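Student: Heads up: the protein sequence lines correspond to chains A and B, in order. Numbering of the first sequence is given in our numbering, commencing with residue 1 and proceeding in unit increments. Numbering of the second sequence is given in our numbering, commencing with residue 1001 and proceeding in unit increments.
Errors might be hidden in some of the hints.
[Said to hold, decoys possible] Pairwise CB distance ranges, derived in the manner of DEER restraints:
1) A:T328 x B:Q1154: 38 to 44 Å
2) B:V1181 x A:P326: 42 to 48 Å
3) B:R1190 x A:A14: 47 to 53 Å
4) B:G1166 x A:G291: 54 to 60 Å
5) A:V4 x B:G1155: 55 to 61 Å
Hints are computed from structural coordinates only; laboratory data are not their basis. As the structure is a prediction and not an experimental result, all values here were calculated from the model. By construction, the Cβ of each residue, glycine as well, lies at the ideal position given by its N, Cα and C atoms.
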Amino acid sequence: MRRVGIVERGDWQAQAAECGFRFHTIDGARYWDERAYYAFTMAQIEHDLEDPSVELHRMAMALVDEIVASDALMQRLAIPAEFRDWIAESWRRREPHLYGRLDLAYDGTGPAKLYELNYDTPTSLFEAAFFQWQWLEDQRASGRLPREADQFNSIHEALVDRFAELAASLPPPLLFAAVRDSEEDQGTIAYLRDCAAQGGLYGEAIALEDIGLSEDGRFTDLDDVVIGSLFKLYPLEDLFHDDFGRALPRSGLRLIEPPWKALLSNKGLLPLLWERHRGHPNLLAAEFDDGGELPAGWVRKPLHSREGANIELHLADGRRLHSDGPYTGPCIRQAAHPLPSFDGHFPMVGSWIVGDTACGIGIREDDSPITRDSARFLPHAIVEDGAQVVFAA
Amino acid sequence: MDDPHTRRRTDMTDARDTRRLKRSKTTALLLMGTAPLLFSACQRDAPVQVQEGLYTSVESCAQAIGDTATCRIAFEQAKLQAADTAPQYSSRAECEAEFPAEECVEQKTSAGHSFIGPLMAGFFLSQMMNNNRAGAAAAQRNAQAAPAFRDNRQGWLRPSGAPGAGRAGMAPVSMTPDRAVTANRGGFGRSATGRSTGG
Chain A
1 MRRVGIVERG DWQAQAAECG FRFHTIDGAR YWDERAYYAF TMAQIEHDLE DPSVELHRMA
61 MALVDEIVAS DALMQRLAIP AEFRDWIAES WRRREPHLYG RLDLAYDGTG PAKLYELNYD
121 TPTSLFEAAF FQWQWLEDQR ASGRLPREAD QFNSIHEALV DRFAELAASL PPPLLFAAVR
181 DSEEDQGTIA YLRDCAAQGG LYGEAIALED IGLSEDGRFT DLDDVVIGSL FKLYPLEDLF
241 HDDFGRALPR SGLRLIEPPW KALLSNKGLL PLLWERHRGH PNLLAAEFDD GGELPAGWVR
301 KPLHSREGAN IELHLADGRR LHSDGPYTGP CIRQAAHPLP SFDGHFPMVG SWIVGDTACG
361 IGIREDDSPI TRDSARFLPH AIVEDGAQVV FAA
Chain B
1001 MDDPHTRRRT DMTDARDTRR LKRSKTTALL LMGTAPLLFS ACQRDAPVQV QEGLYTSVES
1061 CAQAIGDTAT CRIAFEQAKL QAADTAPQYS SRAECEAEFP AEECVEQKTS AGHSFIGPLM
1121 AGFFLSQMMN NNRAGAAAAQ RNAQAAPAFR DNRQGWLRPS GAPGAGRAGM APVSMTPDRA
1181 VTANRGGFGR SATGRSTGG
């Protein structure tokens, strides 16, 4: 794994505009950054990232059965009591899930370590699945990358296939919702609608704020048509706390991600995984937080926090780092395992799971060891070490 | 001595073919952006989209799809299939255990076989959605109708194969019919104030 400088494509902004990728620059700062890429070998991709992703996903899914059967575990994960039966029922029915992202710390050697699971509202999807793919094709064509260069990224195909699988089981009509004013979230649902359409499943978009509730407790679109299935790029726990949340369990609305994903997008899963797989090479030690002093070598994270917010880091060398944010509530502790530094850049590997398939990665790097919403997305390529020797031969 | 080709193969202890692409063979965008873009050698056909609704009346169907004639035909077709696809019971009590009492009546299939079974409580209508609108006649030809039955637990069922004893030939659907008068909007989204929602 190397961080390699490379010439930008001259027309990438035009390409971004053409395909509706509007959030490549956020508040004047680059978010999409192709001035460098991360180079991996095939062995690093398959043995160190793909295989562990499959295994971690399987371990997480195996926990759902146990959690839904235990009120005590639901309590530990701070699942509100009035939603527990509904969540359990959604799992018993095996309501289908679409996707998730595992965040891994990896430096090219040794086992990747699981930071957390983003199994409810993972973002950075379009740039990973589509724009990164374009970059590879263009840079191979331009000769700046070897013809044999590849990328761990069949995310787009996996999404189209997954939507095709879901088509038969989702009650229509299907709608895609995100918060109205989030350009990034709107861009992500535009891409997901596109993938769904390519899989034969058509769904309109609706602003989350426009969803209605009827007197008999069903959710409606702006034409009063009862919504059958709703893809929501909005955290389940936030839906629960919104005014309409209490109507969800009896509404008949099918959600994607399904309610049981509230158990996996919860950082309480990290101590549960550690208790059951203590010493697993891809896991970091984790425990539920008692609120006391954070010892050196540990990180404190709220059960629900996104974009690296409200993280407290007490490094082994005594340094303390802290990120602000709006999240409160119960926390977990995780053994500190700082992100590797590549010339002062700290990459986090997001490993995508679509359905139950590990199908690609996207890398976000920040200038600090906590990956926040200021992180930049860099493309990656699979380039064998010494590959040039082979071409010459 | 350290030929990368050899190393690549011997490193792989599993059955994966390392020469298989790890990336999508094609990517495409149909809806996004300024124009439909296809980034691949082989262009897919435009996907056929099927829209299906469950309706309890011709009127509610027409309201939803804006085409009364198609709804009327669908309703008639569903009604014609109803007796041949309804769950069959040998007694009223057995039928009433699964379906509302007032729906359980004696019926005859088109082959003349008598049974007790629920009446059709609604109908399904699936339509191929096509961008090049071929007109009302084509819309009606492409429409497919099926009867819908409602059980005691407010679940909706559709015939899924050969009719048989009880619910054997029925498949539950999680579809909800029709429209509902919206009482309130704006009850979702507030928890997002001041934070981004993604992770």
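Student: It remains to establish, for every hint, whether it holds in the given structure.
Tutor: So, going through the hints one by one against the coordinates:
The beta-carbon spacing between T328 of chain A and Q1154 of chain B, approximately 39 Å, falls within the hinted interval of 38 to 44 Å. Roughly 36 Å separates the CB atoms of V1181 of chain B and P326 of chain A, a value that falls outside the hinted 42 to 48 Å. At roughly 38 Å, the beta-carbon separation of R1190 of chain B and A14 of chain A lies outside the given 47 to 53 Å, and the hint is violated. For G1166 of chain B and G291 of chain A, the Cβ-Cβ distance of about 56 Å falls inside the hinted range of 54 to 60 Å, so the restraint holds.
At about 57 Å, the CB distance of V4 of chain A to G1155 of chain B agrees with the hint of 55 to 61 Å.
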